[in-house]
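S.K.: Each chain is listed here by its residues.
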Amino acid sequence: MDLYVHPLFEVVRNEKKCVACRACERQCSNCVHAYNPDTGEMEADDSKCVNCHRCVSLCPTKALKIILTDHCFRPNANWPGENINEVYKQANSGGVLLSSMGTPKPHPVYFDRILLNASQVTNPPIDPLREPMETRVFLGKKSQKLERNAEGQLVDNLTPQIPLTMPLLFSAMSFGSISYNAHASLARAAAALGICYNTGEGGLHADFYPYGPHTIVQVASGRFGVHGDYLMAGAAVEIKMGQGAKPGIGGHLPGHKIAGDVARTRMIPPGSDAISPAPHHDIYSIEDLRQLVYSLKAATGNQKPIIVKIAAVHNVAAIASGVARSGADIIAIDGFRGGTGAAPTRIRDHVGIPIELALASVDARLREEGIRDDVSVIAGGSIRSSADWIKAIALGADACYIATGALLALGCHLCRQCHTGLCNWGIATQRPDLVKRLNPEIGAERLVNLVHAWQHELKEVMGGMGINSVEALRGNRLMLRGVAMTQEELDILGIKHAGV
Amino acid sequence: MITIDAGSLDFEQLGDQLRRLAGEEIVIERCLGQRYIGSGLKNTNIEIYGTPGNALGAYLGEGSRIVVHGNAQDATGDTMSGGSIVVHGSAGDAAGYGMRGGTMLVRDSAGYRAGIHMKQYGQAYPALVIGGSAGNFLGEYLAGGVILVLGLDRPAGVAPVGRFCGTGMHGGKIFLRGDAIPPELPPQVAMQPAAPEELEAEILPLVREYAEAFGVPPAHLTDRPFLRLMPNSRNPYHNMYVNN
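Protein chains in written order, with our numbering: chain A, 1 to 500; chain B, 1001 to 1244.
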């Protein structure tokens, strides 16, 4: 199978420290470790190691480490070893290369070339430890005009909104691609934080209906688990048109992951592939999208905001303009560095555009057309830290989606093997013995810790800028400066170069 | 029984009225293409005179019944999970998209992409019956449930479906009246004559339901043999990928 492909990692065991307790063997779902009764020693099959650090973390004597192999091909700048190995894999199998999580390629990260402002002397900074800082936001269409009734009193003409204690949400990850305990962790954390998590396209497990006010339910082309009660269960309904990691293609959860509760929640027979076609077969135009938006509004009695999620692609600004005119209340834009539970490698690494450029151009386009307040904009696709989050807000996002960061909080080590279903950390797996390794109480607590820390960082940066409400940061590009960028990049981002 | 004159109502006014009347027996007269009628409603009976617009009975819930005295337009019964829709006429494109339960009976023909990605789980087993013929891509990505096409508008020897019937199907069954082979069947689809037990247990109950709904003698509907289309595999793409 892996003819010619040398193992990428080497398991290094310190024999002086190893007590052959076999914990590594029990912990590894990839069956890397084995005890040799003849020698009384542990052995390792490097070829199976995915470098997930489960054994390293749980080794009681810290006897293990994983290193990158220094085995090499003859150096060749045009043909790095990775490319050569990919050719071998495809020649061996005839298969499409399949990967997980966001692209690991060294694409430019514009967030890292953007710097934030702070106040000095005039317009003094605000100390968030002493003074109130407002991070609450409401996502949805904002009415353009005040209406009064015959008695002159204000008429409430506000369409439904998603209230959030801070402009952050956990983005869509389906039950099936991640585990029950991962969903439980996200749901509990979202409720504790006053934000939302997103079911993804796999339906909503019956146990999680109580978290409805903190849930966004997704409708994708496969329509898995979609029914009337599901649509009413959440704070909003999201139509998935695209995903940043795999724009233009659908989803495919293999039959071996469709068992028990996953099958019941998706409402398909166990063992059957869950295929989400690339297009919604009833959507071929903005008018068709409008029809799905309005049929969902009708099915929810106009009580739920409708989000339309699109991948960041070349003409994203024009597409977003169309989406804003479709009646959607919120547009979610997913940048191409965003994560996935499984995507063809070539699509993940080469299709789409960075979220920073997409977000800035969408925000500018909607403003130009005078329809910016008709929709809220959620940006996702690799928000790695509060710094990325703050910069995205200043580039025009009403809120941000995070997923990889949330999974890291749950114990993910970014080994990028989600598609194998053998996640040793109990996240991207349905194997009961692995799922139970993730304790949802501890998981929720870690998520709450992470998000609270980010919220505090947001407040500190806002305070430094002399801003005491996050809504005053949204689209506030004067708070941003670029470094090491061309004029064209600066123009698209709508920011000035540092020093100007 | 409550009658609504829809002649001067837009889709939102009509939708608001229907939601307020959920659970009742409702008659809509002078229906003029209003969309989303009955969207998500449970245990509600709606009889429609005139022409309902797109997405009729989308996400329809258990215990509901919609009868259309006329033609339906596109996306009828989109993602419906229960109840029934009976169309005394033809349906447009994408009828029964993502249906996961309930029954849809179309007296005449359906447009392109009918019954796409229908699916089943346990007791939820959707059925789509088309009396006339269906356009291209019938039952594309079919994942469960049953589609029956009677081809009453086609002479013997002419298949009652268009091209690419069942593309990507990985569950469910399609029954076609007659023995004419559909044009350009994709490789995922295995075609066989329907077995006698399938005729008895799966086809005849639907035929009787159709005959009763539209007042057609059942014998007329079973005067030709039936073909059965099923997927070659429930996991059509499992060999497509290599771990990277």
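Read the hints as simulated data drawn from the structure, not as lab findings.
C-beta: ideal position from N, C-alpha, C; glycine also.
It is possible that some hints are incorrect.
Listing some non-contacts, in silico: residues in chain B with all C-beta distances to chain A over 12 angstroms [claimed, not checked]:
#1 VAL1027
#2 LEU1152
#3 GLY1162
#4 GLN1192
Heads up, incomplete: computed chain A residues facing chain B, CB under 7 angstroms, no partners named [said to hold, decoys possible]:
#5 LEU98
#6 GLY255
#7 ILE283
#8 ILE286
#9 ALA298
#10 ALA299
#11 HIS456
#12 GLU457
#13 GLY464
S.K.: Take the hints in turn and mark each one as holding or not.
M.R.: Checked hints:
| no. | hint | verdict |
| --- | --- | --- |
| 1 | VAL1027 | 19 angstroms, holds |
| 2 | LEU1152 | 26 angstroms, holds |
| 3 | GLY1162 | 15 angstroms, holds |
| 4 | GLN1192 | 20 angstroms, holds |
| 5 | LEU98 | 4 angstroms, holds |
| 6 | GLY255 | 5 angstroms, holds |
| 7 | ILE283 | 9 angstroms, violated |
| 8 | ILE286 | 14 angstroms, violated |
| 9 | ALA298 | 4 angstroms, holds |
| 10 | ALA299 | 3 angstroms, holds |
| 11 | HIS456 | 39 angstroms, violated |
| 12 | GLU457 | 35 angstroms, violated |
| 13 | GLY464 | 43 angstroms, violated |
When held up to the earlier numbered hints, the structure conflicts with 7, 8, 11, 12 and 13 and fits the remainder.
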